[in-house]
Amino acid sequence: MANCDHLFSKYNDEIRIGSKKNGRMMDSKNALRKRIRKWFKDNHPEYEPKFFIQGSYKMKTGIRTKDDICDLDDGIYFFRKPDVTGTTLQGWIWDAVNGYTDTDPEHRKKCIRSIFAGDYEIDHPVYYKIDGVPYRIAVKDAEFENSDPKEMVDWFNKKKDKEGRLIAQVMNFKGWCDHKRNKMPSGLAMTILASNAKSKIVLNERADITLRDILKEIKKALENKFECIVPAVPGDDLFASYDQTRKKNFMDALSDFILDADKALQEDNELAASKLWRKHLGDRFPLGEDKQQNQSQSRVNSAIITGAATSNPWGK
Amino acid sequence: MSADLSLFNREAALLVQEYPELEHVMIQGEIPFVHGQLLLKDEEGDLITEYSIRMEPGPDYPNWFPWVFETGGRIPINIDWHIFENKGNCCIASAPEEALICRKGITLTSFVRFQVIPYFFNQLHRERMGFFLNERSHGNLGHLEFFMEEFETKDVSIVIKLLNEARSRKEPKSNSRCICGSKRKYQKCHRSAVRKIAALTNMELDHYLKIANDFISDRKVPKEDSITNF
Ligand SMILES: [Zn+2]
Ligand SMILES: [Zn+2]
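Protein sequences, first through last, are from chains A and B.
Number 96 in the numbering used here belongs to position 96 of the first sequence; there are no gaps in the numbering.
Number 26 in the numbering used here belongs to position 26 of the second sequence; there are no gaps in the numbering.
So that you can see chain A by itself, here it is in the shape it has in the complex (with noise of 0.2 angstroms):
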C-alpha cells in the first residue's frame, strides 16, 4: 500500500512551466502586446487593443509538454463594434505580430498564433465587447461569435480548493493527455471534467488517491452521458465532435488508468507502484524506491485494519 504522494509533488514540479521559461514567456508577451499597440496607433488609431490573459495560465494549470512547449493565452480586446469581419481583425493582429517570430504566426480558426520554436506558444483571440451585448469572438471565416473567456476562469476559480489539490489534478490530467496523445481530449476538456468531477468527492490529502477518485468519477459521468460542455457562453460540447473510435480510445484510456491505479494504491512495493503510474504519466513521472511500505507495520494502521476488520459495508 505503497503512498506515492511525494511523487506526485515531484512530478507536478517536472511538468510545471519553471521560472525560466516563464520570464521569458512573459517578455515575449509584453514585446508582443507592445508591437501590436503600435500597429494600431500606425494603422488603425480608431481600435484600441486591451490585454488580458486568459486560459490555463490564468488558471494556473498550464504544463510543459514532453516536447517541453508550453502556451500562453493573452486575449485581446476592443471596446467598440468593428467595422470590419473578424477574419480581417484577425488579420490586423497578424500582420502585427509578424516578424517577431521566426516562424510566420498561424491564422487559426479562433486566434492567431505566435510560434517561439521549440520553447512556447502565444495565442492572440480577438474579442470586441459593447454595451449591453456579450462578448464577441473574431472566427476564422465567419461570424463573430459570444464567448467570454473571463467566465470559465471565475467558474473554475469557484471549483478550486485552496490547498491547490484541484489544480495539481488537473496537471496530472493534462500530463496524462500529453503523454497519450492519440486524440485524448483537450486541456480544457480535462479541466472541466476534473472539476466536474471533484464536485461529487472530497479531495484526499494523497494525490494519488485523488487522481484514482477523480478518475472513476469521470468515468461514471462519462457513462452516464458522454458529454463535456463548456461552463461559459455559448456552452459548447467539447465532445460532439468526437467520433465513436475517438470516443472509446478515451474511455479505454479511462479504464485502463484507473485499473492501474487501484493496483498502485494496495501495492506495498513503492517501486512497482510507481512503474504503474508510470504507465500512463510517462517517465517525467519519478520512479519510487524499491522499499516495501506495508502499512499494517505501523502502529496506528493496524489499529484502523484491526478497527475496521469486522466492517463490511455495502451499497445499492
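Calculated directly from the structure, the hints in this document are not laboratory data.
Hints may contain errors.
To be verified - Within a straight-line C-alpha distance of at most 25 angstroms, the following computed DSS-like cross-link-like pairs (lysine-lysine) qualify: (1) K216(A) with K162(A); (2) K247(A) with K219(A); (3) K263(A) with K104(B); (4) K66(A) with K180(A); (5) K180(A) with K248(A); (6) K200(A) with K87(B); (7) K87(B) with K220(A); (8) K21(A) with K180(A); (9) K154(B) with K219(A); (10) K87(B) with K225(A); (11) K110(A) with K38(A); (12) K183(B) with K104(B); (13) K129(A) with K58(A); (14) K50(A) with K60(A); (15) K87(B) with K216(A); (16) K180(A) with K216(A).
As the structure is a computational prediction, the values presented were derived from the model and not from experiment.
Chain B with the ligands: place on chain A using the hints.
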C-alpha cells in the same frame, strides 16, 4: 411499520453514558436523535481520529438499523463511499446481514460498538489507504456475497440449496450427510449457518432465493476473483 421512539430514547440515554462525546437530543414534537463525536481509538485507548455523526431512529427502528450520518463533510455523499445518495445515510451492511442482526435484537450501544465504529474505521482505512477492507459489491451481488461468506462457499448453487433448506423450516437429522455435498455430517457442516439464516422470514428467503436463481440463470455466476476478499 414505524419506529419505536420511546425505545430509541431509552437506548440513547444508555448510549451517551458509555459514549459521553455523543449527545441525546429530544425536542417536543420532533424525532429524537443522537449527535456528536465518534472517537476511534487504538487498542491502548489512544485517540486515532474522530468523526462528527448524527444518528436517527429511521422509519423502522429497531427492526432495521438506525440511520447514521457523517456530518463533518469528511465523506462525500457518494455510493462508492458507502453513503446512500438519496438520504445521505451510511450503508453499513448488506440487507440480509442487517435483518439478521436486528432480529436477534440490537441495542443502540451494541449497534455503535459492533457496527458504527467498525464502519468508520473502514472509512478511515479508505481515507488513508485509498480503499475499503472487505467491502461488499453493490446491489444484489453484495447480498449473495454475504450468503457465500456465511456458508463458506463460492458456489451459488450451494447457496441456493442451503437457502432452500432454511426455507423448508425443518431440519434434517443431525448425523445425516450435509446437503451441500461435502460428505460431512450436517451437524458438523452447515447446521449452525442454516439455523442462523433461518431467522429470515419466508418472504425474505424467497427474495434471496430469487436473486440467487436469477444470478445462475443469467450465467452471471461470479468467478472466484470477482468476489471480494474471502
Ligand atoms: Zn455501501
Ligand atoms: Zn455443508
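Evaluated hints:
1. K216(A) with K162(A): Holds. K216(A) to K162(A) sits at ~23 angstroms (cutoff 25 angstroms).
2. K247(A) with K219(A): Holds: K247(A) and K219(A) sit about 12 angstroms apart, inside 25 angstroms.
3. K263(A) with K104(B): violated, 39 angstroms
4. K66(A) with K180(A): Measuring from Cα to Cα gives roughly 11 angstroms; hence the hint holds.
5. K180(A) with K248(A): At roughly 14 angstroms apart (the allowed maximum being 25 angstroms), K248(A) and K180(A) satisfy the hint.
6. K200(A) with K87(B): holds, 15 angstroms
7. K87(B) with K220(A): holds, 20 angstroms
8. K21(A) with K180(A): Cα-Cα ~24 angstroms, so holds.
9. K154(B) with K219(A): violated, 30 angstroms
10. K87(B) with K225(A): holds, 24 angstroms
11. K110(A) with K38(A): holds, 22 angstroms
12. K183(B) with K104(B): violated, 31 angstroms
13. K129(A) with K58(A): Holds: K129(A) and K58(A) sit about 20 angstroms apart, inside 25 angstroms.
14. K50(A) with K60(A): holds, 22 angstroms
15. K87(B) with K216(A): Distance of about 22 angstroms is within 25 angstroms: holds.
16. K180(A) with K216(A): Holds, at about 18 angstroms.
Hints 3, 9 and 12, counting from the list given before, are not met by this structure.
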